[in-house]
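Quick mapping for you: the protein sequence lines, in order, are chains A and B.
This note's numbering applies: residue 1 is where the first sequence begins, and numbers increase by one.
This note's numbering applies: residue 1 is where the second sequence begins, and numbers increase by one.
Think of the hints as simulated: they come from the structure by calculation, not from any bench.
Among the clues, some could well be false.
With a Cα cut of at most 25 Å, we get these calculated BS3-like pairs of lysine-lysine [to be verified]:
no. : chain 1 : residue 1 : chain 2 : residue 2
1   : B       : Lys175    : B       : Lys286
2   : A       : Lys139    : B       : Lys139
3   : B       : Lys139    : A       : Lys36
Every value quoted in this text rests on a predicted model; they were computed, and no experiment measured them.
There are 2 protein chains.
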Amino acid sequence: MELHPIWNDYPQLQPELTQTLELMEKSIQLKNEPVKKALLEMIGAGGKLLRPAYQLLFSQFGPEKDRQKAIALAAAIEMLHTATLIHDDIVDDASLRRNLPTIRAEFDNNTAVYAGDYLFVTCFKLMSDYTGSLRSLQKNAVSMEKILSGELGQMEDHYNLAITVDEYLANISGKTAELFALSCSAGAFESGTSQLFAKNVSDIGHNIGMAFQIVDDILDYTQPRAEIGKPVLKDVRQGIYTLPLIYALQTEVKQLTPLLEKKELMTEDDTQKVYQLVNELDGVNKAQQLANRYTKKALKRIDNLPNNPENTKIILQQLTQTLLTRTN
Amino acid sequence: MELHPIWNDYPQLQPELTQTLELMEKSIQLKNEPVKKALLEMIGAGGKLLRPAYQLLFSQFGPEKDRQKAIALAAAIEMLHTATLIHDDIVDDASLRRNLPTIRAEFDNNTAVYAGDYLFVTCFKLMSDYTGSLRSLQKNAVSMEKILSGELGQMEDHYNLAITVDEYLANISGKTAELFALSCSAGAFESGTSQLFAKNVSDIGHNIGMAFQIVDDILDYTQPRAEIGKPVLKDVRQGIYTLPLIYALQTEVKQLTPLLEKKELMTEDDTQKVYQLVNELDGVNKAQQLANRYTKKALKRIDNLPNNPENTKIILQQLTQTLLTRTN
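Looking at chain A on its own, in the form it has when it is part of the complex:
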């Protein structure tokens, strides 16, 4: 089990992230051995662990120093994230994730449904075992409600050529930013910070999450297939139009529309043309600028946090900046 290379630059975070992974593994108690094995492989396959990392970092700000609890909550959040990935892979008909076959591809959709459900439950089990308060569970439930309501909302926008930037932002706010906001604020709040402090941290997490998802969507239009471990522009074929494409459509609709209207019948040539047009029409650049703005907002707020504990602010800034320029 190895950590993602992103953590090579942060040796001080490695021990707790490793413990987070170990606790996740220990929590998978299934009689169905093949499914158990696949879940363990997925967990061990080097996901970025960004949500637990932010949670652990923000848990440094409160007076409470129970690291076992902080690690358990970090594991719970990553478990929740993994559950949504497994269910997302069903919905997206995906066959690769972290360069491994997805659960639905290795087994079938049916196994993936229950395997995702199982991780959802494990998340709640970890939370109810380790959290000190019902209040955190309530917040967690409210966030998950927003996330799923967002996922269901997004499905209404499939193949919507008229989707606006605001609609896209609302979708990713529910789909991605909410879980970053929860990770950050739960880290702070459970370590005993004030509600007000946790709310501020929640906003920081929201901005980090927005930037993260926009960069993720940009990578579809800038990286060749092998490097991101998933097929290029599969989303577009499935009617998921993200920010670079939305900006490109605002500039010039004529060349893109006939290609996109082929829907799942788009050929490799068609998606290549979309890929090229989105870059030429400045969609990638404009999206990058918006990601920059979200990152800047986050960095500014992080800068206003207390300097104690030492280094935590600097790590938060460095990590948040790194996410903006990542290539995978």
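Dock chain B against chain A, hints included.
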């Protein structure tokens, strides 16, 4: 919104069951209107509400008389049950439920995945909003873990002609009896009974649940299609072999095996023959006898409960007896 006719004989339970349904409806807050409508229709379509009913009945035994809380927990349990039904319908490729199109049939599997997830979360939200203790949430999480571990375990037994009665009982213990046990024990415990009392009530719930599932499986071999609102012996085609068939296979394997080995290629004629053979080979009778035994065990334990509150014991006995002889 009407209650299932089973409650016509229990006028004293009707007000709280109606409030349970109303709270469930109020808890569905989705921006995606078509999905929201479908979920509300499913909830309103007259499910039996057995789990909330048992929870509400057993919540009479403790000193605490907060009925709003009891109703909220009943709604949470039924929400959890509904979530598993939606995901089960994906796995079973089912098109009808309660004589309505299933979510996966009316929309698609993708919507059903997230819609089920959403109800899972709503269950936890209700529980964390209304329960008094983390202890209950822990128990709830442990039960859900068993349920999903059971569902995943059962998938390994598909098309297993050598499946034993014990393996079948282990499967339905996880799949069905666990949630009945949780409903009953959570009802008691949250009303302030002792742990010991709640444990006894959990065993009662387990026995009721075992009998319930066996009767459910018997109905596939005794009821014509229209009355149960789902296609006859679809399960068999999908490799799910239940108690009546398992008993029949123990008596006489030669006639059944070649039919079952056709798997999903079984014709209507084939399933009709299986249906007939299971009845002729005494599979239905033997299964009925085992269901009787579980019901008897439950009734005996119920008989040992305190007589206070008045009538609760009698209602529990009457309801449990009714489930044994139901025809839908």
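Numbers of unmet hints, in rising order: Result: no hint breaks.
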